[in-house]
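Q: Sequence:
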Amino acid sequence: MSICACCQKVSIKFFSSSRDDQCTIEHHPSVAALKQSAATGCRLCAVLHDSIQRRAKNGVLYSNMSKDPVDPAQQIHLRSTKFAEQSVCVGWSDVGCIRGMEVPPNWDDIIADDAELKLGVSLSRSYQARTLKWWLDNCRANHPDCQKNHDANYAPSRLIDVESSTPDCVRLIATSQITLKDRRYVAASHCWGLNMPHSAKTVTSNINQHMRVIWLKDLPRSFVDFIHISRSIGVRYVWIDSLCIIQDSREDWMIEAAQMAAVYSNAYVTLAASSSSDGSGGCRLGEPDEVHFGPVDLKFNEIDESGRTTHRAIRVFSKPVGHSVNALRQDPLVTRGWTLQERELSPKVAHYSKDTIRWECVSQRATLDYPWGDSLPFDGSLRTFDKNQLTWQSTSNWYTDDNVRKNGCVWFEVIERYTKRSLTRQSDILPAISGIARHFCAKTGDKYHAGLLESHGVTGLIWSIQGEWNNEKNKSSRPEEYLAPSWSWASVKGSAVWYWTLKRAEDPEPVDHSFTPEILDISMVPASSDSFSHVKGGVVKMKGLLVLAAALWRDGDNLQQDQRSVLVMKPEQRLEMVGTIKFDVPSEAHQVIFCLACRRDSTHGWIDALGLVMTGRNQMEFKRVGLIRSKEKWWWDKAPTVEITII
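Following this note's numbering, the numbering of the sequence shown begins with 1316 at its first residue and continues without gaps.
Heads up, a few of these hints could be off.
Pairs of lysine-lysine residues, derived as PhoX-like cross-links and limited to a Cα-Cα distance of at most 25 Å, are as follows [as the list claims (entries may be wrong)]:
#	residue 1	residue 2
1	1433	1614
2	1885	1946
3	1946	1897
4	1614	1397
5	1372	1382
6	1818	1758
7	1808	1790
8	1790	1897
9	1953	1856
10	1382	1397
11	1938	1808
12	1702	1614
13	1496	1463
14	1762	1721
15	1721	1818
16	1885	1897
17	1851	1762
18	1669	1532
19	1762	1938
20	1448	1463
21	1885	1735
22	1702	1463
23	1614	1324
24	1669	1433
25	1948	1897
26	1762	1463
27	1897	1858
28	1808	1818
29	1953	1858
30	1614	1328
31	1433	1448
32	1721	1735
33	1808	1735
34	1762	1818
Since the hints were made in silico from the structure, they are not lab data.
Input sequences plus hints: build the corresponding full structure.
A: Structure, rendered in structure tokens:
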């Protein structure tokens, strides 16, 4: 491969993210000259020109920063950055972006058709299939950690058999009724959307028909892609929720929902239609201007002091608009509640995004562009359980057992991620996390109560809702249908968070235990035999300090709409502000509340307390309405220690 004289100025340091290596390279004198060089065969110029043109509108170039038009007759500059991306500038305006990554020594592109990868190879479906197969084979051969928890003998109750005498159809099978010679299956992760066709769902009226034949023409594009990809990697069976669970049978749904952790944990691979908000998008990359364009491999020879030559190469692609960091977060699939556990529990996932395919397993993260390894798109969105930080707990004491605290911090992180996602039916709030909860308890020995792990004790109750009180659409709310006890974050539609000081597993802040209540009992009323799913009721009985207070809105207190000032009566019969309460649901703000002390850190003096109101049904029976923060200690001096029940 030949490159032009301007491209030969590019050194390997240009692709470094080190501040000391940052540099700017003067390139072709204009965009026209760059285009001409690309046309005469310089592949790097072709990649650079593509990075510029994909940001042009109606033939006009615009600056990425100022959005102002840019004169294409100006000098081209290449500028390196510390963000693992390189800018293409016209004049000094940033108008394009490329990314270069070093090719490992002795890397063999065994998945390529030719000795040299063709420009635009990412759009080749056969190249995508061969890359996926290479990842799977490499994982099986070289990643023992990825096989640790995999049960090769497991099979879901039903599967789609994609091996047929005609490629136009598949069929549903009951695994208990046949002998599976090969139990490998692909699990599908996808957004249902609002337009799922009836033919793509198994119901009581069509299950027998589906056992005979399912025509691909009656399935949405994503389902067809799941089937084609499975065939291309030599896997006979596929699990798709809408086809493998009887959708109008609550009994079957409950049975299969309880198996969700096992389905994804034991899948050969999970295929995620990440960029599709419904079944119409499929497992496909986007339009050419949305996909990374390339590659070009730049060769460098380095001679050390002893005269020994080292051969190195950088693989370069032009990038679509948007940063590589956290790219996975931009996909519709990661906004859905159900799909969190599908990703977290799967040992291997292939994410089909618009710009590329992203691979992740316990041991590796990679992309179609850099199949040997590429962790940058996953920064900030790594899977929780890949870190192997869950540990079996020998006790259930948050304050004395390091393992309990470490596990608790993992759980809080999972719930914070989960509650930022959306559910079509809020009633799925517990079922959609039940697989992770089941996995968590199996790994730690903990007990689960509607979103609360028993060993987390009082700390598990000190959550608050990060509602967008000024955005009517995203305001927190409490669904009319009973979903969970008021002390559980699952009772509220909104983003649950814990104060960062509670998430310090190591070197935790010392606690004044005179403020810590005793949990006497936690009891639940499950709605079915699955204790990890829907509940009909639940109570926690506690013994601790309880104070009556007022929660008032006062001008000048500089509070948000979901907050109120907490005031208590002083001996001289005047109200004094002692802290604030953040109500779980703004519409449930009460003027009279009870405050149950939960925690006081000895270092800074912050006191956390539950905001409660009486139910009016039974004596000393309360429901939670918010979380209180205070730095004043005096108002607890004469507080009685009482036994209460929170429902």
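Q: Would the hint linking residue 1790 and residue 1897 be met if the CA-CA limit is 25 Å?
A: Between residue 1790 and residue 1897 the Cα gap is close to 13 Å, so the pair holds against 25 Å.
Q: Please verify whether residue 1948 and residue 1897 have alpha carbons no more than 25 Å apart.
A: OK: residue 1948 and residue 1897 at ~19 Å, within 25 Å.
Q: Below or equal to 25 Å on CA atoms is what counts here, so check residue 1669 against residue 1532.
A: Holds - the C-alpha atoms of residue 1532 and residue 1669 are around 24 Å apart, at most 25 Å.
Q: Could you grab the alpha-carbon distance between residue 1372 and residue 1382 and see if it respects the 25 Å cut-off?
A: holds, 11 Å
Q: Hinted pair, alpha-carbon criterion (25 Å max): residue 1433, residue 1614. Please report holds or violated.
A: Within the cut-off at roughly 16 Å; holds.
Q: Given the hint that residue 1762 pairs with residue 1721, does the C-alpha gap stay at or below 25 Å?
A: holds, 16 Å
Q: Between the alpha carbons of residue 1897 and residue 1858, is the straight-line distance 25 Å or under?
A: holds, 23 Å
Q: Between residue 1885 and residue 1946, does the CA-CA distance stay at or below 25 Å?
A: This hinted pair holds, its Cα atoms lying about 16 Å apart.
Q: Checking one constraint from the list: CA of residue 1818 to CA of residue 1758, max 25 Å. Satisfied?
A: Satisfied, since the Cα-Cα distance of roughly 20 Å is no more than 25 Å.
Q: Checking one constraint from the list: CA of residue 1614 to CA of residue 1324, max 25 Å. Satisfied?
A: Distance of about 12 Å is within 25 Å: holds.
Q: Going straight from one Cα to the other, do residue 1808 and residue 1818 come out at no more than 25 Å?
A: holds, 22 Å
Q: For the pair supplied as a hint, residue 1808 and residue 1790, confirm whether the alpha-carbon distance does not exceed 25 Å.
A: Holds: residue 1808 and residue 1790 sit about 8 Å apart, inside 25 Å.
This entry does not satisfy hints 12, 21, going by the numbered hints stated previously.
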